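Residue numbers (the numbering used here), protein chains in the order written: chain Y, 1 to 995; chain C, 1 to 255.
It should be emphasised that the hints constitute simulated quantities derived from the structure, not laboratory data.
None of these values were measured; they are calculated from a predicted model.
Think of the CB as a built atom: it goes at the ideal place given N, C-alpha and C, for glycine as much as any other residue.
Don't take each hint at face value.
27 Å max Cα-Cα, derived DSSO-like pairs, lysine-lysine [to be verified]:
| # | chain 1 | residue 1 | chain 2 | residue 2 |
| --- | --- | --- | --- | --- |
| 1 | Y | Lys909 | C | Lys79 |
| 2 | Y | Lys985 | C | Lys79 |
| 3 | Y | Lys671 | Y | Lys468 |
Beyond 12 Å from chain C on every Cβ pair, some chain Y residues (computed) [unchecked claim]:
| # | residue |
| --- | --- |
| 4 | Phe40 |
| 5 | Arg132 |
| 6 | Glu312 |
| 7 | Gly397 |
| 8 | Asp569 |
| 9 | Gly584 |
| 10 | Thr591 |
| 11 | Asp672 |
| 12 | Lys823 |
| 13 | Gly827 |
| 14 | Val835 |
| 15 | Ala860 |
| 16 | Gly906 |
| 17 | Arg910 |
| 18 | Ala989 |
Simulated restraints on C-beta separations [to be verified]:
| # | chain 1 | residue 1 | chain 2 | residue 2 | range |
| --- | --- | --- | --- | --- | --- |
| 19 | Y | Gly64 | C | Thr33 | 22 to 28 Å |
| 20 | Y | Ile473 | C | Lys138 | 29 to 35 Å |
| 21 | Y | Leu70 | C | Thr76 | 40 to 46 Å |
| 22 | Y | Arg62 | C | Thr76 | 29 to 35 Å |
| 23 | Y | Arg62 | C | Asp84 | 36 to 42 Å |
| 24 | Y | Met46 | C | His151 | 21 to 27 Å |
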Amino acid sequence: MARLRTAVLAAAYVIALLAALVLLPAMLALTAVLALTILFILADAMGNRILFKMAVRNVVRRPGTTALVLAGLMVGTAIISATLVVGDTFDSMIVGEVTDAYGEADLFISGPGDGIGMYNVSDVASITEQLRGIDHVESAEWFLSAPAGIRNQRSELSLPTASVYGMTNGTVAGLGGFRSQAGEAIATAPSPGHVYVTEDLASLLDIAAGDTISLSAALGNENAVMDSVVEAIVTDHALGGMLGGRNAYIDMGSAQQLVGLEDGVNGLAVAFDDAARAKPNSTRDAVTAVLGAPENLPLALEITGDRALDMEEGRESVSMFISMFFVFGSFSIIAGVVLIVNIFTMLGEERKSEMGMARAVGMQRRHLRKLFIYEGLIYALATSAIGSAVGLMLAYGLITAVSMVLDMGGLNIAEYFSFTMESLLIAYLAGFLLTMVSIYGVTRRISNMNIVRAIRNIPEPLRSRGDKQTFRIGLLALAGGALLMLAGMSSESLGMALGGLSVMTMSLGLIGRRFVGDRIAWTVAGLATLLLWMPGVEIFPYEGNIEMFVLSGVFMVTSLLTVVMFNSDPIVSAITRLLRVRGGYKAVLKTAATYPLRAKGRTAMSMFIFGLVIFTITTLSMMSGMLGVGIPKMIEETSGGYDIIAFSWAPVDMWNEINATEGFVDPASIKDIVQLTMGGPTFAVHPSTAPGMEEPREFGYNAIGVTPPLYERGHYPLADWNRTLYPTEEDVWRAVQNDPSLVILDGSALPDDLSSTGVSINVGPFSGIALGDQVNVSGRMGGNHTLTVIGFMEQSSFSGAFMNQGLVESFTGMNGTNLFMIKLADGMDCEKQAVLLENQFWAQRLSTIPISAMAQDAVAQINGMFDLVKAFLAMGLIIGITGLGIVTIRSIHERRVEIGMMRAIGYTKRMIVANFALESSFVAVLGILIGTFLGIVTGYLLWDSGFSAMDIGFMIPWGPILAVGVASFAATLLTVLPAARGASKVSPAEVLRFE
Amino acid sequence: MRSLHPLFRHGLIVINMTIIRCENLTKTYRTGTITVDALRGIDLTIDKGEMVAIMGPSGCGKTTLLNCLSGIDDATSGKIYIEDGELTAMNDSEKTNFRAARMGFIFQFYNLLPVLTAVENAELPLLIAGSPSDEARKRALSLIDAVGLSHRASQRPASLSGGERQRVTIARALANTPAIVWADEPTGDLDKKTSDEIVALMRLLNRENGQTFVIVTHDPEVGAKCDRIIHMRDGNIVNLNGKVSDVSAEIRQLG
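Please work from the sequences and hints to get the whole structure.
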């Protein structure tokens, strides 16, 4: 009757579950799954009240144990919750930033050349009306924008990279207006001679209302400067934050005067209504159709900003970041699951006798399972809630740490901290299901005990070689692995294919033990699996993503662990021989080393956690170590030996200006300046003139004029050139300097056969091009030229096509230099000098890159990011150490009689403490060694497949690696010592008497 | 009973043969307000080389007496002398070291370390005493051979029968050539045939090596094979030189 009842309940549960998943929207379906699961278990419990009562009493009878169980079980939920809340925060940041960037606009439209192209208001009147006539378009307003240098006359602070917008009252009103810092609405443009500045800009340049600021919209050769009085400081949101954030807003007439074009406009903002904002595709298509209409084609207007697409792309890039966090968090989740299994196995072992008694008097196996499941339900309900809350706090800590460590261009992500109920519910549900599934798995094992062995507390016998069940499981695993591998091969997924093959090789242990015994079978299985993941072994020619990191960690650690566990005798022998200890501690060493290696199951679980987490931390340490050395080196190469690289929008003779006028920069602080001209023409490559190209390509790229100081005083070695025609590198540079039909390209264009590892390092748009090939180049000012490639630079970070100076000037229309390589006098502060330069040349909108500071910042950011991830991973280590502590407590409890015997035959109390402390330490040390070794191997793999091609040397940062290992070991020792001391206090008479 | 050399019988040569001596030994257990006098002023001596059985009904204090005499448990009052050294005056560490050097233990449920093989279990006391590993292994193998288990030396306890496990326990107990071997119900978990074999082995080793065996047992057949029986009841010694028939009669009387 009872079984029928359970079967009916189970059927109803499954049907309701499926219905909920199919019919309900996502959130409701999740809630339904949770509610149905809880209801099902409770309904079953009502038919087994005595079991439920026992379960409740088990939970409350030992508060210490319950607290431990709750702490252990909530870890997985906390990590899932933390990851989801971090995702919510980043999502909120994306939405906020995109909203601020677009204000009320949904589309920005402008002409070719990145919006510098101007239109006359009358020329665009017709198209404007057409756009306004589209359904769901609320407004279409023109404005005039220009990059600007801005200087606060009172504070003398300046910024070369701000933007100025010219607006009419109609534009302001149509795009939602401004908001003052006090919260008042501003619905009109500033009056002539006045300006609104955003909060961001005001804060940067110490601007207050009433200050006079100078605006310089240097374009081409014009160097117009206009003074305006700050009428209001507007918020950085909506219209105030449009397209950047460091903005100044003036009336349209003043803006046109500033750029020197009467009635000129160059940007159109189109705003949709709410319905179209939610589903923008059809309205966007209608706008595109208008822009592409035959009568509008000559204007060559195109959509250059799309709110919905930017939101989507922003969310995609965030999702990659969140995936990375989840991947690293998954190690801790795996550790959490292992801890759950450990805890419930411990509970089962503790109650073995009473359960044996219960079975003896008539309780069925399913009753025991139900008992544990009811108990598990109580724990799961509580721990999922606690875990979700803890995860929330963890996420807050992480976000705060990220905002302190990472420079996100002035963005403070901590301001965007937020979470959704959906995320918390998902975390709760995931934690709940994770806990219940783990518990169910353990209860099946516990309930299958032998009654007599349970009552007498005798361990279960080891499975014999001929055990059929193990063999059958092996065959199933082999088949399952094969299916997974085939699925992976058909979908070209490296993770599935290699993962499936790894499952197959590991199943050899289960199958082979029947024929050759455990040791040989598992050693072969472990080594075969490890080999699949070693550097240089490529079984499948597919690409993998970040999930490969998790899979490689799991399989490598599992396989090496297997080999170690099944070859423990030589290890124990070696340890006892190598370590010379005095007196009775030889016996301690023997038992401390033997116990963990021969109690394979629980030792493997503990070692696995240590191994996996240390593996990940070591790999990350190696990556950050190599990047920490490699990136400054790359940056150093980019600099060509100079301290600051600077670029201005208007030409300037910097050297003369600094020496001839008294400005911010002391001439004595500058040792050398190489002055060049740079422009941004359009390049085109075609297979007919560049056979290595698969298809024609057109793109914008830097064109840099070559003058003798660049190659005589700068250090930019060439990687390859036509050695027949040009014996030396200097000959190549001189040829390019003098002949406008020749060009040298930066290192990103290097052809494949120059890459030492066979990995393609062609990351630039010139990839595929070879020496002797031809490229076409055309500039904004007109002209079309064909250039022959005669050399490639070694460095690839300073992007540019290096050519004749006059040719570059013809593209840009610039008569003078605008790119500067600056060498400072010894002892000068690079960052400080860069700021002084920007202040002195604000009118030409000079922006600077202080190279050494950039290198330091880059390293600091990389290290900071890696440290954050390592801290996230350290949670897994804490779980591992906690798990080891629990295993030690369990072990001591189970071995009380043995401890009594050991004391009887001569183990002193100190020896007992040493024994248990060493046991746990031994597990930790082996796990740490396995993880470290595999982490170094993986670090080498990463170096070989990527870093080496970027000319970054292989290194092992022993400092951080050893620090983590030693700290983990010390923490383990501290955790297990109290339990070990407790073990020494076991009274031999007591435990032996009650046998 | 052993026969003494005539010179000893006539008191012309007086050699102290006593190896275990206790005076007015008491042991009291207190649990909350409940007090249990497990030993109520025990006086006894056991000579070197004797194989003595301690027998009596359940709860009479046999195991408590064994535990106190061996130093596993602390007496409430009284004195215990082992080989003229006062055990009751030693601290825990001294007692432990003393046990390691001079005593061996055989338990009812063997209490072998399940993760060590038979020879590894046997060599454990030698390693505790600080013997070099190869010497310890050599001695352990010879002991394993002496108890007839050479062919099972590399097996773990789970693969051994009850009798085989008890033999390993005996080998372990003799590893350090102890002066005294304490056995608490050594045949309690064994069938008759195996029990007989174990007792015979203990007797043989007692005769060959001259080690003193003190055996707590319920089994009259074990008692019958010992030199004498110390009969206990309710924490007291009823008879220092009892007979199996007396013990059996008491058990029958108690029903």
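Compute the least Cβ-Cβ separation between Ala989 of chain Y and chain C, then decide whether it is above 12 Å. 3 Å, violated
Do the beta carbons of Arg62 of chain Y and Thr76 of chain C sit within 29 to 35 Å of each other? 32 Å, holds
Is the Cβ of Glu312 of chain Y more than 12 Å away from each Cβ in chain C? 59 Å, holds
Confirm or reject: Arg132 of chain Y is not an interface residue toward chain C, with every Cβ-Cβ distance exceeding 12 Å. About 85 Å separates Arg132 of chain Y from the closest Cβ of chain C, which puts it past 12 Å; holds.
Gly397 of chain Y and chain C, when compared Cβ to Cβ, separated by more than 12 Å: 43 Å, holds
Classify the label on Gly584 of chain Y as holds or violated, using whether its beta-carbon is more than 12 Å from each beta-carbon of chain C. 4 Å, violated
Straight-line Cα separation of Lys909 of chain Y and Lys79 of chain C no greater than 27 Å? 24 Å, holds
Starting from Lys985 of chain Y, check that the Cα of Lys79 of chain C is at most 27 Å away, please. Roughly 24 Å between the alpha carbons, so the hint for Lys985 of chain Y and Lys79 of chain C holds.
Nearest-CB test (12 Å) between chain C and Thr591 of chain Y: 6 Å, violated
Grab the minimum beta-carbon distance between Arg910 of chain Y and chain C and tell me whether it stays above 12 Å. The claim is violated: Arg910 of chain Y sits with its nearest Cβ about 8 Å from chain C, within 12 Å.
Please check whether Met46 of chain Y and His151 of chain C have a Cβ separation lying inside 21 to 27 Å. Taking Cβ atoms as reference, Met46 of chain Y and His151 of chain C lie about 59 Å apart, which means the hint is violated.
Quick one: are Gly64 of chain Y and Thr33 of chain C within 22 to 28 Å, going by C-beta? Hint holds: Cβ distance 26 Å, inside 22 to 28 Å.
In this structure, the earlier hints numbered 3, 8, 9, 10, 16, 17, 18, 20, 23, 24 are contradicted, and the remaining ones agree with it.
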